[in-house]
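Make the full structure from the sequences, and use the hints.
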Amino acid sequence: MATLGICDSANLNGGQKLAVKYFTVAIVLLGAQVLFGLLAGLQYLYPDFLYGVLDFSVNRMVHINALVVWLLYGFLGSVYWLLEDESQHEVVGLKLGNLIFWVLTAAVTVVVLVYLLVQVGPGTESTIWLINEGREYIEAPRWADIGIVVSVLVVFYNVAATFNKGRYTGIAGVLVLDMLALFGIYLAGVFYTTNISIDQYWWWWVIHLWVEATWEVMVACIMAYGLMKVLGVRRKIVETWLYIEVALMFGSGILGLGHHYFWIGTPEYWFSIGGFFSALEPIPLVAMVVHAVFDAGARHAKNSNHPTMAWLIAHAFGNFFGAGVWGFMHTLPQINLYTHGTQWSASHGHLAFFGAYATIVIAMFYLAVQKWRGDVWMSGELPGNGWKWKWSLGLLNLGMVGMTVSMLVSGYVQSQIERAIEGSSWIGYFAAQSHHWFAQGMWWRELFGVMFALGFVLLVWDLMTIGRGEKRTMVPAESEA
Amino acid sequence: MIEPAGLADFFTIFFSSAMVILLGALYALLFAYARIRAMPVLMPLAYLSYAGLFISTLFLAQAANLLSHPLWATVVVCMLLGYLLAPHGIWHLCVGTHAADAEKDAVVEVIPESMTKEA
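So the sequences go chain by chain: A and B.
Read in numbering that gives the first Met the number 0, the first sequence has 356 at position 357, and its numbers run on one by one without any break.
Read in numbering that gives the first Met the number 0, the second sequence has 5 at position 6, and its numbers run on one by one without any break.
Derived from the structure by calculation, the hints contain no laboratory data.
Treat the hints with caution; some may be incorrect.
Stated by the list, open to error - Label-pair ranges, simulated between beta-carbon atoms:
1. B:Ala98 <-> A:Gly379: 31 to 37 Å
2. B:Pro39 <-> A:Ser196: 51 to 57 Å
3. B:Pro3 <-> A:Val474: 55 to 61 Å
Stated by the list, open to error - Here are some chain A residues the structure puts well away from chain B; computed CB gaps all over 12 Å:
4. Ile145
5. Ser150
6. Ala430
7. Leu446
Beta carbons are placed, not taken as given, at the ideal position from N, Cα and C, and that holds for glycine.
Next up, the structure:
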């Protein structure tokens with residue numbers, strides 16, 4: 000029998016116990032991302048700050064690597080969370096899954112420590128293997144790359160074998176293939192070539208395809224599961240739309256990769272391919288508004304978990320604005336020539352990653368806490384009117400929007416002064432960096448970063464306390480068909 | 000292959016690009032709402048949004064020099080057709096998927112009959 004109001008592992012199945020471990024590390028890494036982001040932001044304002052102790056290049060690297068890894072932990076945790084529920088079978092190879100979790104976590108810890116302790120040194124073959132591969136966003140040394148590939152392969156085995164022995168649903172089919180792609184595409188990130196164009200060509204497979212294709216599909220699967228759990232949406236509808244979304248995503252998204260090939264020395268035809276698919280990429284996103292309205296109008300279900308539902312809604316809006324609006328504003332090569340690699344890109348990156356990925360992982364955190372506390376009540380009339388989750392939701396979202404708009408202002412200055420007027424010259428770079436509008440944008444970014452950090456603290460506090468001592472049980476959403 | 004945008008056109012490009020997506024979403028929203036709530040009065044507003052999208056796309060095309068090359072002109076046409084037709088396509092998919100489900104379940108009883116027909 001479920002123990003109400005306290006975090007009792009007896010309330011969870013084997014996969015969910017493992018998922019909680021992944022979620023815990025994910026939250027710690029999110030904290031690291033926020034901390035190192037604030038430090039890097041401060042170094043824009045005070046370039047001497049921590050110089051020689053914790054250089055900007057290291058802060059930025061840890062900030063971005065922490066993002067990639069906490070989201071990966073969040074997704075792997077979400078997959079383990081839904082695995083037994085979905086397959087109606089206990090996780091096959093759970094001990095191996097647990098072992099890999101500890102090995103991966105130890106590896107991440109070592110990699111971060113090496114980043115911080117060995118900031119300067121010779122760039123040799125052994126550096127690539129042991130210290131830092133030097134490839135932006137995926138700086139992890141080669142041994143860690145191989146570790147990530149092996150870890151994802153084990154998760155693939157857990158997922159495929161479990162579904163094979165249990166119930167093989169539509170979500171299962173998509174998830175199994177996606178885990179295979181998650182393993183396969185990362186292979187493009189474990190080698191290095193001395194030709195920068197060739198290297199960048201493959202590097203984008205990890206940055207665009209690994210993140211924007213395999214992660215997107217995982218998000219679609221998690222969303223499908225979440226909608227069944229929180230709103231009781233029928234499985235048949237959810238799975239049909241999962242197939243449709245995956246088809247639309249792949250139809251426009253895979254060759255949308257071309258917009259990253261504009262300026263890396265690839266043949267000119269990538270202008271056509273990248274431009275064409277990038278221009279059409281937002282159409283499915285916009286068209287899905289119809290589906291959202293249809294579903295909202297066709298059913299009047301009450302949800303069983305308000306914080307999760309609120310974060311799922313934040314996901315829909317964040318994905319639309321971050322990926323759709325902010326992406327399309329500078330995706331055509333005619334303008335991207337001036338904006339790529341400026342704070343424009345950072346502005347788009349922040350809102351898109353937060354909207355498309357962070358929001359849904361946070362939604363899963365709340366789903367997990369509810370079950371962990373014995374399927375407690377998490378709808379309306381929470382103690383204190385649920386102020387903690389509402390304020391953390393508000394602070395995190397407002398903080399992120401504020402940072403995004405601030406960077407947009409700075410990026411606009413860069414694209415005009417550094418790129419268009421000064422022709423990407425050395426002088427142009429500094430002319431833009433020292434322009435008062437750029438500096439003001441950086442100040443506002445830092446202030447909104449602090450707001451985001453406060454939201455994060457509140458989020459952690461809420462996750463640790465929501466549902467504690469609650470005696471009411473959850474009112475289940477309509478059961479799936 | 001590409002003619003880079005002029006400095007004076009930067010703002011036009013950013014603004015019109017954002018308007019393309021936002022008006023596209025507004026068109027889809029009003030289109031779907033008009034049908035699901037059986038409120039045909041909203042449909043002209045939906046197409047007014049699309050008209051705004053159409054104008055924004057032309058501004059974007061002009062500012063980003065898209066009309067000077069056949070390939071980019073084709074992209075503009077595809078965008079205009081895509082934003083116009085995609086909501087219709089998704090609507091048909093919605094009706095199809097939910098109607099099949101309704102045969103054995105009464106969940107979609109709340110959907111007015113009018114919405115399963117073309118407005």
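These are the hints, each one checked on the structure:
In this structure, alanine 98 of chain B and glycine 379 of chain A meet the distance hint of 31 to 37 Å, their C-beta atoms being roughly 33 Å apart. The hinted range of 51 to 57 Å is satisfied by proline 39 of chain B and serine 196 of chain A, whose Cβ atoms lie roughly 55 Å apart. A hinted range of 55 to 61 Å holds for the C-beta pair proline 3 of chain B and valine 474 of chain A, which are about 58 Å apart. The non-interface label for isoleucine 145 of chain A is consistent with chain B: the shortest C-beta to C-beta separation is roughly 40 Å, beyond 12 Å.
Once the 12 Å rule is applied to beta carbons, serine 150 of chain A is consistent with being away from chain B; the minimum gap is 36 Å. Residue-level check passed: alanine 430 of chain A sits 15 Å from the nearest beta carbon of chain B, beyond 12 Å. Listed as outside the interface, leucine 446 of chain A is consistent with that label: its C-beta sits roughly 24 Å from the nearest C-beta of chain B, beyond the 12 Å cut-off.
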